[in-house]
Structure formats: C-alpha cells, structure tokens
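Taken in sequence, the protein lines are chains A and B.
Following UniProt numbering, the numbering of the first sequence begins with 1 at its first residue and continues without gaps.
Following UniProt numbering, the numbering of the second sequence begins with 1 at its first residue and continues without gaps.
The set of hints was computed from the structure by calculation and includes no laboratory data.
Note that this is a predicted model, so its numbers are computed, not measured.
Hints are not guaranteed to be accurate.
Note: identical chains are not told apart, hence a pair may lie in one copy or across any two.
Quick list of in silico lysine to any residue cross-link-like pairs, SDA-like style, CA-CA up to 20 Å [claimed, not checked]:
| id | residue 1 | residue 2 |
| --- | --- | --- |
| 1 | K169 | Q311 |
| 2 | K228 | V206 |
| 3 | K16 | Q5 |
| 4 | K55 | D317 |
| 5 | K295 | Q5 |
| 6 | K24 | Y343 |
2 protein chains.
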Amino acid sequence: MNNFQYHNPVRILFGKGQIAQLSKQIPAEAKVMITYGGGSIFKNGVYEQVKTALKAHQIVEFGGIEANPTYETLMQAVALGRAEHVDFLLAVGGGSVLDGTKFIAAAIPFTGEDAWQIVGNRAKITTALPLGSVLTLPATGSEMNYYAVISRKETQEKKGLGNPLVYPKFSILDPETTFSLPPRQIANGIADAFTHVMEQYMTYPVRAEMQDRMAEAVLLTLIDEGPKMMASPTDYDAAANVMWAATMALNGLLAAGVPTDWATHQIGHELTALHGIDHARTLAAVLPHLLEIKKDTKREKLIQYAKRVWQLSGTDDELVAGAIQKTADFYESLGIPTKASAYPIGEETVREVVKRFTERGMNFGERADITPEVVGEILELSLS
Amino acid sequence: MNNFQYHNPVRILFGKGQIAQLSKQIPAEAKVMITYGGGSIFKNGVYEQVKTALKAHQIVEFGGIEANPTYETLMQAVALGRAEHVDFLLAVGGGSVLDGTKFIAAAIPFTGEDAWQIVGNRAKITTALPLGSVLTLPATGSEMNYYAVISRKETQEKKGLGNPLVYPKFSILDPETTFSLPPRQIANGIADAFTHVMEQYMTYPVRAEMQDRMAEAVLLTLIDEGPKMMASPTDYDAAANVMWAATMALNGLLAAGVPTDWATHQIGHELTALHGIDHARTLAAVLPHLLEIKKDTKREKLIQYAKRVWQLSGTDDELVAGAIQKTADFYESLGIPTKASAYPIGEETVREVVKRFTERGMNFGERADITPEVVGEILELSLS
C-alpha cells in the first residue's frame with residue numbers, strides 16, 4: 001500500500017426532505033448566490049424547495065450554467081457575485097453546476113489578472129468563497145471533492161482544477177430530486193461514476209486490499225442498482241444507492257494509497273472539447289480500448305476484477321478478455337456506445353488529440369506509459 | 001436506505017515515516033500534552049520519533065493511561081493539563097489512550113461540577129481542547145471518530161461519550177508502529193474491528209446496497225489480511241490493510257443510512273467492567289450467541305453475509321447456521337474464546353448484568369428487542 005493523506009470535511013445530508021435543512025447550513029446573515037443550469041430545477045420542484053428553505057436569506061440567482069461549464073459563462077457569474085457582494089454560493093444541479101460554482105468561488109476573490117489561470121492550477125489561489133450544494137444528478141462526485149473541470153469556448157479547451165479551498169461546506173443529496181431525470185442523463189451518470197472507480201482501481205496491485213475491496217463495492221453497487229434505476233427512475237432505493245455510490249466513487253477514499261490512471265478522462269476531455277460529446281459517452285468510447293491496448297500492464301487487476309466483480313472463471317487470458325468485454329457490455333447496456341465510430345469523429349480528430357497530448361509534453365496513465373502515440377492507438381481502435 | 005448525515009473532518013496521514021509530519025499538524029505556538037499508556041511507545045521507537053518531530057514545540061507528558069481508561073486516571077491528566085495551561089493534546093497509543101484523551105480534551109475546559117457527567121453525554125459540553133493522535137494499535141477506530149468509552153473504578157461502570165468536538169484534528173497511522181505488538185493485542189484488534197462492522201451490518205436489510213457492500217469489503221479485508229498480520233507481524237502490507245480496515249470499520253461510513261445493533265458492545269462493556277476481560281474478548285464471547293438467539297430477526301442479513309463474505313452455499317437454514325459458525329470460527333482462529341465459560345464468569349455475573357440492563361430501563365439492538373431477559377439468555381448460552 002502506498003502512503004497517503006486523506007481529509008474530506010464535506011458534510012453530507014442524505015435522503016428525502018433534506019433540502020429543508022438548508023437554512024441551518026448557511027450562516028443566517030449570508031447573502032447567497034444560487035447557481036443553476038438550464039432550468040430543470042424549475043420543473044422538478046427543487047427550486048421551490050430551495051427558495052422555501054432559504055426564505056429568510058438574501059438571495060441572488062445565476063442560471064444558465066451549461067453542461068461542460070464554460071469560462072465565458074462563469075465569468076458572468078463572477079461579475080454578478082462581485083457586484084452583489086455575495087458571500088456564500090449554493091450550487092443547485094449536477095456536476096457541471098457544482099464544478100462551475102467551485103470556479104466561481106475561487107474567481108470572485110481572485111486578484112490576479114487572468115482568472116483562467118485558476119484552471120489547471122496555474123495561478124495559486126489563497127482564498128475562496130464558501131459554497132454548498134443541492135445535488136440533483138448522481139454522476140461526477142463533485143459534491144464531495146475539491147475538483148472541477150472547466151471548458152473554454154474560445155480555445156476549445158477543457159481542463160481541471162483542484163484545491164481544498166473549494167470543498168463544499170455541505171452537500172444535500174435527496175434521491176427524489178433524480179426522479180424526473182431523462183434516461184440519457186441517468187445512464188451518463190452511472191457510466192461516469194463507474195469510470196471514476198475504474199480510473200482508480202484498474203491499474204496494478206500494490207496490495208491495497210482495503211481500497212480494492214471498496215472499489216469493488218462501488219462497482220458492484222452500480223452494476224446491481226444502476227439498471228434498476230434506469231428501469232424505474234422513481235425507485236427510491238435504486239436512486240439512493242446510485243447516488244451514494246457516485247459520491248463514494250470520487251471522494252478521495254478509493255484513490256488513497258493506490259496508483260491511479262485517469263488517461264481515459266484526459267482523452268475523453270479532448271473529445272468533449274472538440275466535438276461536444278457528453279462527458280460520460282467519451283469515457284465509454286475510450287476505456288474498453290485503453291484496457292485492450294494496456295491489457296498486459298493491467299493484467300493482474302483485470303483478472304481480479306473479472307473474478308470479484310463479474311464472477312467470471314476460466315484461464316487468465318479468458319478472464320482478461322472477459323473483463324474487458326463485460327466493461328464494454330455494461331456501457332452498452334446503459335445505451336451508451338463504446339465506439340468512437342458512433343460519433344462524427346474521423347482521422348482528423350485523432351491527429352488533433354495526439355497533437356494536443358504531444359504539446360502537453362507529458363505521458364498519462366498509472367505507469368506514465370500512455371504516450372501521445374498510445375493515445376492515437378486507443379482512438380484508432382475505438383474508430384475501427 | 002435510511003436518511004443520514006455524514007461529516008468526518010479527521011485528516012489521516014497514513015504510511016511509513018508519517019510521524020515526521022507531526023510538527024506541521026500542530027500549531028507552532030501550541031503547548032502540547034502528549035498522552036500515552038503503559039510505556040510500549042518507549043520500546044517501539046514511537047516516543048523518540050514523536051519527540052524528534054516535536055522538538056520545536058513545548059511539551060508536557062502524561063503517561064499511564066490504562067486499557068479501559070479510567071476516570072480516576074484521566075482526571076489526573078486533566079489536573080496536569082489545567083495546571084500547565086496546555087492547548088493541544090497528542091494521544092500516542094491505541095484506542096484506550098485515544099479515548100482517554102478525548103475525555104481529557106472535553107474535561108479540561110469543562111466548568112460543570114462533575115466531569116463524570118461528560119461520560120454518557122449527561123452534561124453538555126460546548127468546547128474541547130484540540131487533539132491529534134499517533135495510532136499504534138489498529139482496533140477501535142477511535143482515530144477517525146468522535147466516540148470514547150471511559151470506565152470508572154469506583155462504581156465498576158464503563159460508558160460511552162460522543163461529541164463532534166472531540167474529533168481528532170488529525171491521526172497518523174504508520175503500520176510500522178504495530179510491528180512489535182504482542183500477538184494477543186493484534187488478535188484483539190482484528191476481533192474488535194470485525195465486531196464493529198458486524199454491529200452496523202448484521203441487522204435487517206434496508207436496501208442500502210452501497211453500505212452493505214462497504215461493510216462486506218471491510219470484513220473481507222480483515223478475514224484475508226488479519227491472519228497474515230498474525231502470522232507475520234512485520235508484513236507491512238498486512239498491517240497496513242488491517243490498520244486501514246479498522247479505521248474504516250468505525251468512521252461513520254458503514255453506519256450512515258442503516259440500522260445498527262450495538263447490543264454486543266453493551267453486554268461486553270459490562271463483562272469488562274465486572275471482570276476486567278479484554279474488550280475484544282468480551283465481544284467474541286457475546287456476538288455468536290446473540291446471533292444464535294436473534295437468528296430469526298437477522299435472518300436475511302445472515303444469509304447475505306454467508307454468501308458474500310464466507311462464500312457459503314446451501315439451504316437458507318444451512319446458510320444461517322454456517323454464518324454463525326464461521327463468525328465463531330473466525331474469533332477462535334485468532335486465539336480468542338467464544339464462550340463466557342472460558343472466563344471466571346458465573347450465574348452471579350449473569351444476574352448482575354441483567355440487573356444493570358433492567359436499571360437502565362431501555363432495550364438494545366436494531367429492533368430494540370434485546371431486553372434484559374434476552375441479555376440473560378445470550379449470556380446463559382455463552383456459559384453453556
């Protein structure tokens with residue numbers, strides 16, 4: 001097991017009716033900026049619940065944060081927050097709203113010249129506004145971590161930031177808020193959470209049995225409960241298990257003390273940046289092919305995963321092949337294609353992605369062996 | 001799944017050499033009281049490592065905190081801490097030192113007349129000194145929770161306290177500090193952690209699949225790695241997995257959103273209070289018999305546990321019987337008896353424990369159906 005530090009101070013309020021607890025979580029004197037996305041919170045009753053809970057608070061609102069939140073949109077929220085002197089941010093929505101709000105929290109008090117430098121952690125931030133969240137879409141885990149991924153339209157970039165200063169003070173997870181989600185978003189959420197676990201688990205063994213067993217616990221939960229949530233979106237317990245599993249998938253516990261990969265996300269981000277493909281769908285179009293190309297270096301973990309998660313038996317080679325096939329099958333069972341050829345992606349995209357990885361001048365993956373050339377091979381296999 | 005709140009701000013520093021990080025975790029100007037037990041930290045080098053790490057800090061020391069820390073001893077530490085105006089406590093040891101230090105942290109600033117009222121949460125505390133820990137014995141989980149169990153010699157009582165004010169600010173877990181533990185303490189630690197999971201898992205299903213899978217992950221880790229640590233106390237990875245599993249067993253995650261039992265602990269505490277039997281050994285003498293007597297109300301979870309944790313197959317009745325047998329076998333495999341008859345316990349003890357439960361005027365267990373009469377039945381079965 002590798003050395004690690006683990007510290008996660010986010011308070012989770014989980015379950016039916018928890019939005020009513022909001023006012024106790026935010027200082028009474030705070031001027032709160034509520035941030036949200038395209039307006040689904042007006043249809044599912046969440047907006048009303050939030051407004052009722054915060055009826056004694058001063059409120060400012062900023063809507064319209066898009067999927068893959070953009071710097072351009074978020075800087076409008078920063079301007080509003082500064083003009084209104086808000087002192088608490090409340091993200092109401094899914095991972096994009098949460099990620100965007102983390103950037104806003106860091107950017108409002110930022111005194112540097114170019115707030116885009118916060119993204120990619122190129123500018124050091126020393127303070128951020130406090131934020132909380134009401135999560136309405138289980139997927140990204142952003143509700144219990146300090147990461148955010150922000151896009152920039154102007155340059156077709158998509159990059160991450162991470163800083164403990166933007167940990168939410170609290171996140172409210174009421175599974176009932178997911179009941180009206182479109183099937184595509186439920187599927188994307190399950191696939192996203194599943195891939196998060198794989199990025200932290202499907203590497204090489206360091207005899208971190210506790211972490212491996214926990215990662216397998218999250219995978220098994222998503223595999224058991226995900227299809228139930230897809231089939232019956234108002235099945236409370238299915239939604240609750242998927243929601244809590246998605247949070248556990250990326251709250252730092254699974255990565256503590258083990259090597260991690262994240263190459264699938266790096267490649268996927270480029271496909272979203274260039275083609276606007278849903279984040280989770282880019283992951284499904286990359287991971288099975290990455291596993292195929294890296295099946296020798298990931299062999300031991302693929303075999304363990306085949307046995308423990310998919311209950312497969314057979315020769316080691318059969319287990320490896322079965323593990324990769326089951327992974328692809330799981331995405332497909334959610335209605336998510338696992339081939340880049342399902343999208344208007346061609347050789348030009350492969351060349352552009354490889355070029356971008358070459359420009360970054362670093363390799364990815366748990367052994368830093370996902371070179372730009374390997375990225376090209378993975379995408380070619382996905383296109384084939 | 002039940003509603004829950006989860007909030008655990010303890011910073012974990014895990015791995016080889018992490019004690020050297022101590023000085024960064026404690027304010028430079030703090031006057032630190034180091035608390036410890038019977039002196040094993042002088043033999044295993046931990047004391048030296050701590051003193052070296054804190055060479056720039058002002059230090060006061062209080063040693064001699066016993067297993068099942070007593071109010072009588074701890075009040076001496078409170079007096080010292082007050083006289084020396086210490087403003088940070090550092091527990092160096094196992095769960096007893098940690099639990100005792102939590103009490104000291106609450107008692108030093110306590111202004112009420114009778115500090116014993118802090119135990120059992122009968123007196124409300126509004127502040128506590130900050131504390132951190134260097135854990136040397138994986139067992140109780142005290143390093144990442146806000147609970148403590150304190151004994152009182154005068155009245156032969158053993159009671160719990162719990163308050164977020166006594167969460168450690170940080171806990172340092174270096175598996176190498178366990179290398180010189182006596183086999184009995186390793187066995188006790190594994191048994192204690194195993195029982196903690198069972199108290200939160202072996203109840204009735206509420207379709208909390210994520211929590212069940214995590215509980216099973218901890219059990220499987222203890223079952224796989226515990227015997228390896230027993231066989232080779234200097235096997236770093238075995239110690240690391242047991243240590244992290246023991247922390248995960250009682251840091252709040254497994255209990256979030258599920259019913260919990262804790263009757264085994266309540267009964268066990270009385271056996272320790274009356275006979276001074278090691279805490280973990282009392283649990284092993286109670287749990288298998290409690291499961292036998294409550295096997296109908298715990299039936300569904302016993303079957304799930306038999307299949308998922310012990311990979312048993314057979315009829316439901318066979319699975320239930322096998323699950324209880326495997327539980328007893330696991331304790332016995334650690335060298336821990338599962339019968340109260342292994343100790344100088346007789347009918348008088350049963351009568352006294354039943355009397356104490358009757359005086360408390362409440363039932364225990366996840367269905368509040370462990371009445372004083374049932375407590376008597378469990379102990380009789382253990383004695384038979």
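(request) If any of the earlier hints don't hold here, list their numbers in rising order. (result) 1, 4, 5 and 6
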